[in-house]
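Enquirer: Heads up: the sequence lines are chains A and B, in that order.
Just so you know, this note's numbering puts 175 at position 175 of the first sequence, and the rest follows in order with no gaps.
Just so you know, this note's numbering puts 61 at position 61 of the second sequence, and the rest follows in order with no gaps.
To be clear, the hints were calculated from the coordinates, so they are not data collected in a lab.
Quantities reported herein were computed from a predicted structural model and do not represent experimental measurements.
Some clues are possibly wrong.
Computed footprint of chain B on chain A; a stretch qualifies when at least three of its residues, placed anywhere within it, have a C-beta under 8 Å from a C-beta of chain B [claimed, not checked]:
#	segment
1	68-79
2	111-119
3	188-201
Glycine is no exception: its CB is placed at the ideal position from the N, C-alpha and C atoms.
Here is what each chain is made of, one letter per residue.
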Amino acid sequence: MNERKRKLTSTFLKAGSVIGGLVLWHVLATVVVKDPTLLVSPVVVAVTAYQMLFVTKDLYPHVFASSWIFFYGFVLAILAGVPFGFLMALNTSVRDYVNPWMATLYTTPRIAFAPVLLLWLGIGAGSKIAIVFLGCFFPILINSYYGMRVVNRDYVELARSFRLSRSALFLKILLPASFPFILAGIRLSVGRGLTGVAIAEWFGATEGLGYLIFFAGQTLNIPILFVGVAVFAALGIIGFEIIRIIEIYAIPWRKEPQGS
Amino acid sequence: MSRLLVRKEIVRGSLSIIIGLAIWELSTRLLLDNELLIPPPSSVLITFWNLASSGELNKHLVATLIEFICGFTTACVIGIILGYLMGMYKWFDEIMDPWIATLYSIPIITVVPLIIIWFGIGIFSKVVVVFKITAVAIILNTAAGIKSLDPVWLELAKSLRLSDWQTTYKIRLPGALPFIITGMRLGVGRALLGVIVAELMAANAGLGFLLRDSSETWDSPKLFVTVILLAAMGLVSFNLIKKLEQRMAPWRQSAEWSSE
Chain A
1 MNERKRKLTS TFLKAGSVIG GLVLWHVLAT VVVKDPTLLV SPVVVAVTAY
51 QMLFVTKDLY PHVFASSWIF FYGFVLAILA GVPFGFLMAL NTSVRDYVNP
101 WMATLYTTPR IAFAPVLLLW LGIGAGSKIA IVFLGCFFPI LINSYYGMRV
151 VNRDYVELAR SFRLSRSALF LKILLPASFP FILAGIRLSV GRGLTGVAIA
201 EWFGATEGLG YLIFFAGQTL NIPILFVGVA VFAALGIIGF EIIRIIEIYA
251 IPWRKEPQGS
Chain B
1 MSRLLVRKEI VRGSLSIIIG LAIWELSTRL LLDNELLIPP PSSVLITFWN
51 LASSGELNKH LVATLIEFIC GFTTACVIGI ILGYLMGMYK WFDEIMDPWI
101 ATLYSIPIIT VVPLIIIWFG IGIFSKVVVV FKITAVAIIL NTAAGIKSLD
151 PVWLELAKSL RLSDWQTTYK IRLPGALPFI ITGMRLGVGR ALLGVIVAEL
201 MAANAGLGFL LRDSSETWDS PKLFVTVILL AAMGLVSFNL IKKLEQRMAP
251 WRQSAEWSSE
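Using the sequences plus the hints, can you model the full thing?
Expert: Spelled out as structure tokens, the structure:
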């Protein structure tokens, strides 16, 4: 009974906070600010979102354009990051030689590479995919590396005592044991990839969500700006949840997600 | 044995950097003689020297650092206070939670256009960007730290008849410190990205401005100087915080894979 009451209060407080905040926002926009180039009421944002989704259908081309960029960059990052992380984990000399470059590239704010990539690859899809790739690559690489490094010694000993061949050791022990870490890396890279999409589309794009936000900002179109930000947030949450569901099914033995 | 291994790692790492730079220098001098695409390291170095001695670099570096430090310190103070309140009072936590979660799930850089519209193109908008990014990370982590305090410590405080203020000052805050520092570390990388993005979009000084300026005037050596400077900033701040984290919470595994 007490538990139920607590839950009820919790929901009530949360709902109250959301509604109160929205009302405050509405009052702020319509009474205090009164300037549609600075702030608009949440009602206007909702109406704009509805129209862009169902009436004019303006939103979809942008979502598709961004999704393709994201998809290619993301998949390429997985295809490159996982094997490379394994290689670094299994071969110390590779690791020692590559490490300083990777650490530098990883800690540099990604935006710094955007103009350089633009210079090299032009303003087409190539440079955008490369920017997304750079964002996703490092979390995946580092997690694959780490996952391979921390495989329980007992598993390896067991494999040895069963005289597993090297390839069997890799396929049956090392790969499954590091799988949770790889997925954690992939999950982290969803958000970074989306940020990458936004950055990429600011430079010389003509469509896409990043372009939509940038353009709305330049033309002081606040409703569209808000819609764009909301779609980005929604995509981030959806991507994150998809990976989490994959995690639950792919690694049922896992208790707690790492690195979130 | 292990010291020998570390030395080997350092030797290989430095060797890798030297060889990499040599290949870069030679290939840009001999094969690809085009300063526009990839300037050789030597000309990057010369440009760096010229920019540094003319004081231009200083101006931009100082601008970025001031924006970063102002936003970061404000975020630390307010973030720790809010996080502490959220950790202490359930009702406050429930009221804040939906908004913090929303702010957290929005990719930071998509709100940069909005922040520039609201707070102008001067230093203030960048401080706000840094503040927003860092504060959210610190709030969440501080709240988590306060909530996960060992109850035994609190009982100890009680049996020692510590006042409420003393309990907070001597038990709760030190206990939550490792979490707070994790929040700071997560904030640093993203805040650096945020401030550069904000400067890139609208500013008259700062490294982001320099990045945009040099890429729009096709001044590749200058562009590379900026990129390398940003890489250095990222590397230094990342390692500083990591050191701090190891110092403050040596019992926690360094969590470099869970970055950003």
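Enquirer: Okay, which hints does this one fail, numbers in order?
Expert: 1
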